[in-house]
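Participant: Here is how the chains run, residue by residue.
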Amino acid sequence: MVENNRWGNFFAHLVLILGVAIVIFPVYVAIVASTHPPGTFIRGVMPLLPGPNALENYKTVITEGRSRAGTPPIGGMLWNSFVMAMAITIGKLSISLLSAFAIVYFRFPFRIFFFWIIFLTLMLPVEVRIVPTFQVVADLGMLNSFAGLSIPLIASATATFLFRQFFMTVPEELMEAARVDGAGPMKFFKDILLPLSITNIAALFVIMFIYGWNQYLWPLLITTDPEYYTIVMGIQRMVTGGDSEPLWHLVMATVVLAALPPILVILFMQRLFVKGLTETEK
Amino acid sequence: MASITLDNLGKVYAGNVRAVTDVNIDIKDGEMIVLVGPSGCGKSTLLRMVAGLETITEGTLKIGDRVVNHLEPAERDIAMVFQNYALYPHMTVYNNLAYGLKNRGIAKPEIDRRVKEAAEMLQIGQFLDRKPRQLSGGQRQRVAMGRALVREPAAFLFDEPLSNLDAKLRVQMRVEIRQLQKRLGTTSLYVTHDQLEALTMADRLVVLNGGRIEQIGTPMELYSRPETVFVAGFIGSPAMNMLPSDYLRGQVAAEALAHVPAKADFIGIRPEDMALGPVQEGALALSGRLLLLEPAGAESHLHLRFEGMSDTVVVRLPHVPDVAEGSMLNFSVPRDKLHPFDRESGKRLA
Numbered sequence: 001m002v003e004n005n006r007w008g009n010f011f012a013h014l015v016l017i018l019g020v021a022i023v024i025f026p027v028y029v030a031i032v033a034s035t036h037p038p039g040t041f042i043r044g045v046m047p048l049l050p051g052p053n054a055l056e057n058y059k060t061v062i063t064e065g066r067s068r069a070g071t072p073p074i075g076g077m078l079w080n081s082f083v084m085a086m087a088i089t090i091g092k093l094s095i096s097l098l099s100a101f102a103i104v105y106f107r108f109p110f111r112i113f114f115f116w117i118i119f120l121t122l123m124l125p126v127e128v129r130i131v132p133t134f135q136v137v138a139d140l141g142m143l144n145s146f147a148g149l150s151i152p153l154i155a156s157a158t159a160t161f162l163f164r165q166f167f168m169t170v171p172e173e174l175m176e177a178a179r180v181d182g183a184g185p186m187k188f189f190k191d192i193l194l195p196l197s198i199t200n201i202a203a204l205f206v207i208m209f210i211y212g213w214n215q216y217l218w219p220l221l222i223t224t225d226p227e228y229y230t231i232v233m234g235i236q237r238m239v240t241g242g243d244s245e246p247l248w249h250l251v252m253a254t255v256v257l258a259a260l261p262p263i264l265v266i267l268f269m270q271r272l273f274v275k276g277l278t279e280t281e282k
Numbered sequence: 283m284a285s286i287t288l289d290n291l292g293k294v295y296a297g298n299v300r301a302v303t304d305v306n307i308d309i310k311d312g313e314m315i316v317l318v319g320p321s322g323c324g325k326s327t328l329l330r331m332v333a334g335l336e337t338i339t340e341g342t343l344k345i346g347d348r349v350v351n352h353l354e355p356a357e358r359d360i361a362m363v364f365q366n367y368a369l370y371p372h373m374t375v376y377n378n379l380a381y382g383l384k385n386r387g388i389a390k391p392e393i394d395r396r397v398k399e400a401a402e403m404l405q406i407g408q409f410l411d412r413k414p415r416q417l418s419g420g421q422r423q424r425v426a427m428g429r430a431l432v433r434e435p436a437a438f439l440f441d442e443p444l445s446n447l448d449a450k451l452r453v454q455m456r457v458e459i460r461q462l463q464k465r466l467g468t469t470s471l472y473v474t475h476d477q478l479e480a481l482t483m484a485d486r487l488v489v490l491n492g493g494r495i496e497q498i499g500t501p502m503e504l505y506s507r508p509e510t511v512f513v514a515g516f517i518g519s520p521a522m523n524m525l526p527s528d529y530l531r532g533q534v535a536a537e538a539l540a541h542v543p544a545k546a547d548f549i550g551i552r553p554e555d556m557a558l559g560p561v562q563e564g565a566l567a568l569s570g571r572l573l574l575l576e577p578a579g580a581e582s583h584l585h586l587r588f589e590g591m592s593d594t595v596v597v598r599l600p601h602v603p604d605v606a607e608g609s610m611l612n613f614s615v616p617r618d619k620l621h622p623f624d625r626e627s628g629k630r631l632a
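In the order they appear, the protein sequences are chains B and Z. Counted the way my numbering counts, the first sequence spans residues 1 to 282. Counted the way my numbering counts, the second sequence spans residues 283 to 632.
The following block holds chain B by itself, in its conformation from the complex (with noise of 0.2 Å):
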């Protein structure tokens, strides 16, 4: 398609490289910045090369975060949000499934009007609706809990409507076959349906997994109680909690820590992604 031509394969090749360049950088100084020793800041320069202090720094945020300021050790923070990210993309995944079998293969009243309205909420992201969720949130008693941070980010107009696009696609004689073989709705859907639906539920796994560990604006207003705070928020409280200056050596390895388990996920998914890919035909 594109013939060897050495100055553009050179140019090309410079460009992709200036490009991952510019995206690594600012993760390499977090990691280099996560080795030194809390001084090195003062001064004002980013040092570019990793300091002594790596183990130490780590330690010091596992086990201990910074009592100080008010930072619970980083462990229960990366446990909570954790939890948050998978309740909600569990949740999202199971409802917006359910609700797209729903709208794709059975027949009720307001049935396009219910769609529209699941459409509709697209245009209301959680910042949109933020101080009214808060009260319906607070008057429920879900302040500082589990269930407080994850059910109000569950609904999800996205994934319903991609899954309603893919079950659109399935053939209609394979939902009949199985009538005919006997299987109800529910037997359907989950022999027929689910395991069809593989490499879509582990593309969106991937994206409300991130979505919901990247949560910052919603846990940080409704947790006050250090046992709840997620990770994200924990580097803001890092940064601006106590008098003096931001321990950027400790707040760096949190970062650093903080950015593994999306990636975790993303390369454990990956292969099955790619796995069901090559498997699954409609």
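Not one of these hints is a red herring.
To list a few chain B residues with every Cβ distance to chain Z over 12 Å, as calculated:
no.: 1; residue: W7
no.: 2; residue: F11
no.: 3; residue: V20
no.: 4; residue: I22
no.: 5; residue: G39
no.: 6; residue: R111
no.: 7; residue: T121
no.: 8; residue: V126
no.: 9; residue: L143
no.: 10; residue: A203
no.: 11; residue: Y211
no.: 12; residue: L220
no.: 13; residue: A259
no.: 14; residue: P261
Facing chain B, a subset of chain Z residues (Cβ under 10 Å, in silico):
no.: 15; residue: A361
no.: 16; residue: N366
no.: 17; residue: K384
With a cut-off of at most 25 Å between alpha-carbon atoms, the simulated DMTMM-like pairs for lysine to aspartate or glutamate come out as follows:
no.: 18; chain 1: Z; residue 1: K398; chain 2: Z; residue 2: E458
no.: 19; chain 1: Z; residue 1: K398; chain 2: B; residue 2: D191
no.: 20; chain 1: Z; residue 1: K413; chain 2: B; residue 2: E173
Hints are computed from structural coordinates only; laboratory data are not their basis. Here the structure is a predicted model, which means the values were calculated and not measured. The C-beta atom is built at its ideal place from N, Cα and C for all residues, glycine as well.
Following the hints, put chain Z in place on chain B, whose structure we already have.
Facilitator: Frame of chain B; chain Z shown alone:
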């Protein structure tokens, strides 16, 4: 094994759209009935009504002695073969065959026995561990057959099962399905738009048009004595020639047409009933100019223009004649090979 009775069956969709009207068919136990008609004639709808995939809005449907109008497909004791096979893509061939049996709560060893037996019968034994996408079209077709077979149902329903295969495979599978059906003696309802498939496979043929039955009968009954203009034109290829009787009366002696009712508007003549050459005793003599000669190996089709007639006439000969395009040719037609029809009702007159 059971008979199937369609009693005044009708289907009206929401919005008063009529798809099927007053269909009466008695399918005998072990009989193969083929529903044939052009697209949109309601044949698939009718089959799906029998299967339970479409609701029945008029009439009653009996399988055996049971009225099954309101039963789910799985409760009707039928098995269906779909046009695009509808195999479960994520399941192995074995599981595709076993799925329906599992749902009925049949014991594992019995499922295993039936699946192996069906696989043996259809020669798909070596594919049992494969997924459908690893199979060719013909193999998928066999798996779809197998899924119907393992159920050991009262009736097979086929919805154009061969239309996704290439021509050669289609002929092969046609023979296999028919042999299998005869061997098992299972009552079958088979939908196709291919009149050759219909003629070769059916015990009895049902020609549908516009949601109504045009004619029911054995393939040869329908072929040799079509009751309506529609059946005459639909069954047989090339289609029957329809000559205006005024034209014919102008061409041949009155006594040659004495047996044809006077009010017949059309007279149908099958392409193979016109013989090239001198007129035989007591036959009709016709002549026309050869527009096109189509040799087809064992036979040939001659497209002719008859003087004073707008439509071309097709003649089928069992050989390829040595004639030049553009020349005038003489044909003779036996008197008993005429099919007189009424224009208004479209019905046969004698």
